[in-house]
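All chains should be built: construct the whole structure from the sequences, respecting the hints.
There are 2 protein chains.
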Amino acid sequence: MEKYVGVDVGGTNLKFGIFLSDGQLIKKWSIVTDYSDHGIHMWKQICEEINKNIEKKDLRGIGIGIPGPVLENGFVEVCVNLDLHNFNPASVLKEYFPDVEIAVVNDANAAALGEQWKGSGQGYRSIGMVTLGTGVGGAIIIDGKLCCGANGLSGEIGHIRVNSDEKEECTCGGVGCVDQIASATGIVRYAKKLLMENDAESSLRMKEEFTAEDVINAAKAGDNVAEHIINHCMKYLAKALAAAAYIADPEVFIIGGGVSNAGQYLIDIIQESFNTYITLSKKKALIIKASLGNDAGIYGAAKTVIG
Amino acid sequence: MEKYVGVDVGGTNLKFGIFLSDGQLIKKWSIVTDYSDHGIHMWKQICEEINKNIEKKDLRGIGIGIPGPVLENGFVEVCVNLDLHNFNPASVLKEYFPDVEIAVVNDANAAALGEQWKGSGQGYRSIGMVTLGTGVGGAIIIDGKLCCGANGLSGEIGHIRVNSDEKEECTCGGVGCVDQIASATGIVRYAKKLLMENDAESSLRMKEEFTAEDVINAAKAGDNVAEHIINHCMKYLAKALAAAAYIADPEVFIIGGGVSNAGQYLIDIIQESFNTYITLSKKKALIIKASLGNDAGIYGAAKTVIG
Chain P
1 MEKYVGVDVG GTNLKFGIFL SDGQLIKKWS IVTDYSDHGI HMWKQICEEI
51 NKNIEKKDLR GIGIGIPGPV LENGFVEVCV NLDLHNFNPA SVLKEYFPDV
101 EIAVVNDANA AALGEQWKGS GQGYRSIGMV TLGTGVGGAI IIDGKLCCGA
151 NGLSGEIGHI RVNSDEKEEC TCGGVGCVDQ IASATGIVRY AKKLLMENDA
201 ESSLRMKEEF TAEDVINAAK AGDNVAEHII NHCMKYLAKA LAAAAYIADP
251 EVFIIGGGVS NAGQYLIDII QESFNTYITL SKKKALIIKA SLGNDAGIYG
301 AAKTVIG
Chain F
308 MEKYVGVDVG GTNLKFGIFL SDGQLIKKWS IVTDYSDHGI HMWKQICEEI
358 NKNIEKKDLR GIGIGIPGPV LENGFVEVCV NLDLHNFNPA SVLKEYFPDV
408 EIAVVNDANA AALGEQWKGS GQGYRSIGMV TLGTGVGGAI IIDGKLCCGA
458 NGLSGEIGHI RVNSDEKEEC TCGGVGCVDQ IASATGIVRY AKKLLMENDA
508 ESSLRMKEEF TAEDVINAAK AGDNVAEHII NHCMKYLAKA LAAAAYIADP
558 EVFIIGGGVS NAGQYLIDII QESFNTYITL SKKKALIIKA SLGNDAGIYG
608 AAKTVIG
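Quick note, the sequences are listed as chains P and F, same order. Numbers 1 to 307, taken from my numbering, label the letters of the first sequence in order. Numbers 308 to 614, taken from my numbering, label the letters of the second sequence in order.
Just to be clear, a hint being listed does not mean it is correct.
Claimed, not checked - Here are the simulated EDC-like pairs of lysine to aspartate or glutamate, each with C-alpha atoms no more than 20 Å apart in a straight line:
{"hint": "1", "chain 1": "F", "residue 1": "K589", "chain 2": "P", "residue 2": "E169"}
{"hint": "2", "chain 1": "P", "residue 1": "K52", "chain 2": "P", "residue 2": "D34"}
{"hint": "3", "chain 1": "P", "residue 1": "K145", "chain 2": "F", "residue 2": "D450"}
{"hint": "4", "chain 1": "P", "residue 1": "K282", "chain 2": "F", "residue 2": "E379"}
{"hint": "5", "chain 1": "F", "residue 1": "K452", "chain 2": "P", "residue 2": "D143"}
{"hint": "6", "chain 1": "F", "residue 1": "K590", "chain 2": "P", "residue 2": "E77"}
{"hint": "7", "chain 1": "P", "residue 1": "K284", "chain 2": "F", "residue 2": "E384"}
{"hint": "8", "chain 1": "P", "residue 1": "K282", "chain 2": "F", "residue 2": "D329"}
{"hint": "9", "chain 1": "P", "residue 1": "K283", "chain 2": "F", "residue 2": "E379"}
{"hint": "10", "chain 1": "P", "residue 1": "K56", "chain 2": "P", "residue 2": "D83"}
{"hint": "11", "chain 1": "F", "residue 1": "K542", "chain 2": "F", "residue 2": "D602"}
{"hint": "12", "chain 1": "F", "residue 1": "K590", "chain 2": "F", "residue 2": "D575"}
{"hint": "13", "chain 1": "P", "residue 1": "K235", "chain 2": "F", "residue 2": "E473"}
{"hint": "14", "chain 1": "F", "residue 1": "K590", "chain 2": "P", "residue 2": "E72"}
{"hint": "15", "chain 1": "P", "residue 1": "K28", "chain 2": "P", "residue 2": "E77"}
{"hint": "16", "chain 1": "F", "residue 1": "K542", "chain 2": "P", "residue 2": "E169"}
{"hint": "17", "chain 1": "P", "residue 1": "K284", "chain 2": "F", "residue 2": "E379"}
{"hint": "18", "chain 1": "F", "residue 1": "K542", "chain 2": "P", "residue 2": "E166"}
{"hint": "19", "chain 1": "P", "residue 1": "K94", "chain 2": "P", "residue 2": "D58"}
{"hint": "20", "chain 1": "F", "residue 1": "K452", "chain 2": "F", "residue 2": "D329"}
{"hint": "21", "chain 1": "P", "residue 1": "K282", "chain 2": "F", "residue 2": "D390"}
{"hint": "22", "chain 1": "P", "residue 1": "K44", "chain 2": "P", "residue 2": "D99"}
{"hint": "23", "chain 1": "P", "residue 1": "K145", "chain 2": "F", "residue 2": "E379"}
{"hint": "24", "chain 1": "F", "residue 1": "K452", "chain 2": "P", "residue 2": "E251"}
{"hint": "25", "chain 1": "F", "residue 1": "K452", "chain 2": "P", "residue 2": "E72"}
{"hint": "26", "chain 1": "P", "residue 1": "K145", "chain 2": "F", "residue 2": "D341"}
{"hint": "27", "chain 1": "P", "residue 1": "K167", "chain 2": "P", "residue 2": "E197"}
{"hint": "28", "chain 1": "F", "residue 1": "K589", "chain 2": "P", "residue 2": "E77"}
{"hint": "29", "chain 1": "F", "residue 1": "K591", "chain 2": "F", "residue 2": "D575"}
{"hint": "30", "chain 1": "F", "residue 1": "K591", "chain 2": "P", "residue 2": "D58"}
Claimed, not checked - Simulated coverage check for chain P against chain F, where a stretch passes if three residues somewhere in it have a Cβ under 8 Å from a Cβ of chain F:
{"hint": "31", "region": "16 to 26"}
{"hint": "32", "region": "138 to 144"}
{"hint": "33", "region": "243 to 249"}
Treat the hints as calculated values from the structure; they're not laboratory data. Here a beta-carbon is modelled for each residue, glycine too, at the ideal position from N, C-alpha and C.
Rendered as structure tokens:
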């Protein structure tokens with residue numbers, strides 16, 4: 001039976017999924033990424049896992065999602081989190097699988113393709129995908145097609161400058177990126193700053209350390225400070241989404257990533273703030289939650305070779 | 308001989324161009340727009356001009372550029388400058404020209420198509436078009452195709468929020484839009500504000516009234532205050548272009564509209580500022596000047612029916 005593999009390369013885990021041509025996911029698993037020695041062992045890990053789990057005669061294609069900008073020719077300049085520089089993932093994998101179709105896609109782009117194919121993006125022709133995790137990732141699908149961009153920057157919503165009050169530098173070298181305020185990291189950072197700056201009562205003060213999830217849960221429970229934090233951070237995300245709407249104007253923005261587990265509560269906050277920024281049209285893009293969770297990447301990566 | 312008409316509907320003038328199928332412009336002219344009575348006389352003007360100038364048997368198509376968001380079905384909710392509301396330009400023109408192909412396109416989109424077809428965008432597959440005139444208009448072409456958007460907002464770069472210090476409202480109802488600071492109107496407004504706020508010596512103080520062109524000319528001549536004004540206003544444009552790059556990532560941004568007559572001097576300022584915002588990639592989109600001037604709109608409108 002024809003089988004396809006979707007691989008999602010992450011800084012922590014390598015996720016694998018085996019798919020049939022109709023998109024049925026028949027097996028999924030993950031292993032810890034070995035990113036020692038500038039990630040050279042990782043390729044061996046990937047190939048061994050595929051070989052162990054699929055008979056060679058069945059394997060038709062491997063799609064691989066990479067956490068970094070992928071140029072049109074498949075070249076990757078840098079994966080910051082993996083300390084990998086200037087490489088071509090397809091060339092590397094071709095050495096191990098010379099007769100198999102290999103496709104390389106940015107991980108956020110993969111998530112967007114996955115959500116469009118089998119997730120909450122089904123039925124939409126144009127999609128803005130945003131992943132709120134350690135950082136803010138994103139991707140744009142227009143007229144059913146991934147917008148890949150001329151310089152691998154398409155969909156990098158996280159690096160739109162939205163906060164002119166920011167003083168610290170973003171990992172990208174810029175200052176005031178949405179990544180710095182609307183990611184899980186950014187929410188915690190802003191929360192700590194705010195709690196330091198004033199004495200307002202908040203359940204967040206009870207913990208020595210807290211996560212973005214803790215802040216969201218406190219906000220849901222009616223903690224005023226936590227509510228302010230979430231509204232503030234999501235306002236900047238909404239501002240970036242509005243910029244995306246004024247450029248690519250998708251039908252829908254899909255919010256994924258760990259932070260999106262906060263559910264409809266968070267989606268409503270983003271939608272409300274987004275609407276205030278879209279003053280030029282009565283029709284506003286819909287903000288919805290991603291539905292494939294951590295599997296979006298393997299779905300999308302597989303889709304690139306299933307076609 | 309097969310002929311095609313491109314019409315550029317503006318608040319001041321109606322511009323017409325007659326084209327052959329290879330894109331040769333064989334005649335162009337303009338008349339003053341009669342936008343009285345909510346613009347109902349304008350349609351008659353357009354039809355009469357076309358009838359007067361082309362024999363019916365030669366006329367194959369009419370493309371019409373409209374200064375407002377055009378929905379996918381060709382419907383226009385509003386043209387603010389013409390006081391026109393909720394109409395379908397193609398339906399109106401079809402009554403006069405039942406056997407002729409009619410296409411409707413947003414005017415900034417038309418300018419982008421024109422520049423891509425016969426202007427400085429030739430050879431580029433993905434283009435961000437920006438027109439700096441009374442307002443800031445824009446359009447996005449991706450993979451050779453106009454990005455029309457789900458809500459008629461695609462390419463409305465002018466309404467990306469870039470200036471969090473802004474206090475006044477933009478015509479769109481928002482606050483801090485790039486339209487308010489990088490348009491000809493915006494440049495003059497900021498210049499007046501700055502001259503009011505301090506006593507720095509400037510040649511601009513010699514005039515009772517001045518235009519954006521005057522400010523640019525003073526800057527070119529080495530007037531420090533004028534230089535500061537232009538750098539400041541273009542910084543916000545560059546910030547919006549960077550947002551566009553992080554979304555649609557075109558190969559090139561084409562700067563058109565009256566302000567772009569300032570030429571390479573202005574382009575260099577925009578490029579330099581833009582580069583500082585694109586921290587995620589070494590490769591940056593190129594900023595170039597439009598080359599069709601006021602004719603871009605009729606070229607692009609005609610292109611929509613020449614195909």
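Results for each hint:
1. K589/F to E169/P: 18 Å, holds
2. K52/P to D34/P: The hint holds at about 18 Å.
3. K145/P to D450/F: Roughly 10 Å separates the two Cα atoms, so the pair holds.
4. K282/P to E379/F: 15 Å, holds
5. K452/F to D143/P: 10 Å, holds
6. K590/F to E77/P: 11 Å, holds
7. K284/P to E384/F: At roughly 14 Å apart (the allowed maximum being 20 Å), E384/F and K284/P satisfy the hint.
8. K282/P to D329/F: The hint is violated at about 39 Å.
9. K283/P to E379/F: 13 Å, holds
10. K56/P to D83/P: 31 Å, violated
11. K542/F to D602/F: 28 Å, violated
12. K590/F to D575/F: 17 Å, holds
13. K235/P to E473/F: 17 Å, holds
14. K590/F to E72/P: 13 Å, holds
15. K28/P to E77/P: 29 Å, violated
16. K542/F to E169/P: Roughly 19 Å between the alpha carbons, so the hint for K542/F and E169/P holds.
17. K284/P to E379/F: 15 Å, holds
18. K542/F to E166/P: 17 Å, holds
19. K94/P to D58/P: The given pair, whose Cα atoms are some 17 Å apart, holds under the 20 Å limit.
20. K452/F to D329/F: 19 Å, holds
21. K282/P to D390/F: Holds, at roughly 17 Å.
22. K44/P to D99/P: Holds, at about 17 Å.
23. K145/P to E379/F: 17 Å, holds
24. K452/F to E251/P: Given pair K452/F, E251/P holds - Cα atoms ~18 Å apart, limit 20 Å.
25. K452/F to E72/P: With a Cα-Cα distance of about 17 Å, the restraint between K452/F and E72/P holds, given a limit of 20 Å.
26. K145/P to D341/F: Judged against 20 Å, a Cα distance of about 42 Å means the pair is violated.
27. K167/P to E197/P: Roughly 16 Å between the alpha carbons, so the hint for K167/P and E197/P holds.
28. K589/F to E77/P: Within the cut-off at roughly 9 Å; holds.
29. K591/F to D575/F: 14 Å, holds
30. K591/F to D58/P: 42 Å, violated
31. 16 to 26: Violated, because only 0 residues of the region 16 to 26 of chain P bring their Cβ atoms closer than 8 Å to Cβ atoms of chain F.
32. 138 to 144: holds (count 3)
33. 243 to 249: Holds: 7 residues of the region 243 to 249 of chain P have a Cβ under 8 Å from chain F.
When held up to the earlier numbered hints, the structure conflicts with 8, 10, 11, 15, 26, 30 and 31 and fits the remainder.
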